[in-house]
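> Chains B and X supply the protein sequences, listed in that same order.
Using the numbering used here, you'd call the opening residue of the first sequence number 1 and step up by one each time.
Using the numbering used here, you'd call the opening residue of the second sequence number 114 and step up by one each time.
Check before you lean on any hint, since a few could be wrong.
In silico SDA-like links for lysine to any residue, alpha-carbon gap of 20 Å or less [said to hold, decoys possible]: (1) 57/B with 205/X; (2) 116/X with 41/B; (3) 116/X with 180/X; (4) 13/B with 73/B; (5) 165/X with 98/B; (6) 116/X with 37/B; (7) 116/X with 101/B; (8) 116/X with 44/B; (9) 116/X with 40/B.
Reference listing, derived: stretches of chain B covered by chain X, where coverage requires no fewer than 3 residues with Cβ under 8 Å from a Cβ of chain X [stated by the list, open to error]: (10) 38-45; (11) 61-67; (12) 87-101.
Note that these hints are calculated values from the structure, not bench results.
Backbone N, C-alpha and C fix where the C-beta goes; we use that ideal spot for every residue, glycine too.
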Amino acid sequence: KAGVTQTPRYLIKTRGQQVTLSCSPISGHRSVSWYQQTPGQGLQFLFEYFSETQRNKGNFPGRFSGRQFSNSRSEMNVSTLELGDSALYLCASSSGGYTDTQYFGPGTRLTVL
Amino acid sequence: DAKTTQPPSMDCAEGRAANLPCNHSTISGNEYVYWYRQIHSQGPQYIIHGLKNNETNEMASLIITEDRKSSTLILPHATLRDTAVYYCIVRPANNAGGTSYGKLTFGQGTILTVHP
Chain B
1 KAGVTQTPRY LIKTRGQQVT LSCSPISGHR SVSWYQQTPG QGLQFLFEYF SETQRNKGNF
61 PGRFSGRQFS NSRSEMNVST LELGDSALYL CASSSGGYTD TQYFGPGTRL TVL
Chain X
114 DAKTTQPPSM DCAEGRAANL PCNHSTISGN EYVYWYRQIH SQGPQYIIHG LKNNETNEMA
174 SLIITEDRKS STLILPHATL RDTAVYYCIV RPANNAGGTS YGKLTFGQGT ILTVHP
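Extracted from the complex, chain B is given alone in its bound form:
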């Protein structure tokens, strides 16, 4: 099976812009979770989607949003970018079942100038 794919792999934006990142889960997986990784805060959970519904949300401002499509592909959007949003954004997919092991993609490296 193909793994989790994320596009684009690298992105450079300027403050105030918005950005959309994409994640394609492993075939058959219905849950997609998003994480932000920075040197200062480490890996932090953003939100999780299952069957197009957000089931869980981390402690991030409303500028961070996401959605999931009927084919389980997911996008996350960050509006009004700030310098502090520079990070590696990771998505993980899982079955969404009782003990769902999450498998991570390679990440999107976002740089905000």
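Could you slot chain X onto chain B? The hints should help.
Just chain X now, with coordinates in the frame of chain B:
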């Protein structure tokens, strides 16, 4: 989710077993122990998980103490490619409630350096 404590760094000689400890003294009955590793700037890689029995797969073995308050990840024959940050994570099964869906709480992990 239960908090975990790991040593910040460890060294291991290539070819030897690497034993990475994790303390999770506040673990509750429905919480699983997961191990992931992250090689520099790549996505975390799932290694193994368990509830109370010892587990083994092609990558590693997981030894959980009888009281479940600590565990050890064992890489039987470490190679240079095993140099990474190793994360021990405790989380409940999904039916434990809304706060558990999809969420892995990562600590600082253990930086394992394998030397030639």
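> Run every hint past the structure and note whether it holds.
Each hint, compared with the structure:
| no. | hint | verdict |
| --- | --- | --- |
| 1 | 57/B with 205/X | holds (16 Å) |
| 2 | 116/X with 41/B | holds (16 Å) |
| 3 | 116/X with 180/X | holds (16 Å) |
| 4 | 13/B with 73/B | violated (23 Å) |
| 5 | 165/X with 98/B | holds (16 Å) |
| 6 | 116/X with 37/B | holds (19 Å) |
| 7 | 116/X with 101/B | holds (19 Å) |
| 8 | 116/X with 44/B | holds (15 Å) |
| 9 | 116/X with 40/B | holds (19 Å) |
| 10 | 38-45 | holds (count 4) |
| 11 | 61-67 | violated (count 0) |
| 12 | 87-101 | holds (count 10) |
Hint check: violations occur at hints 4, 11; the rest are consistent with the structure.
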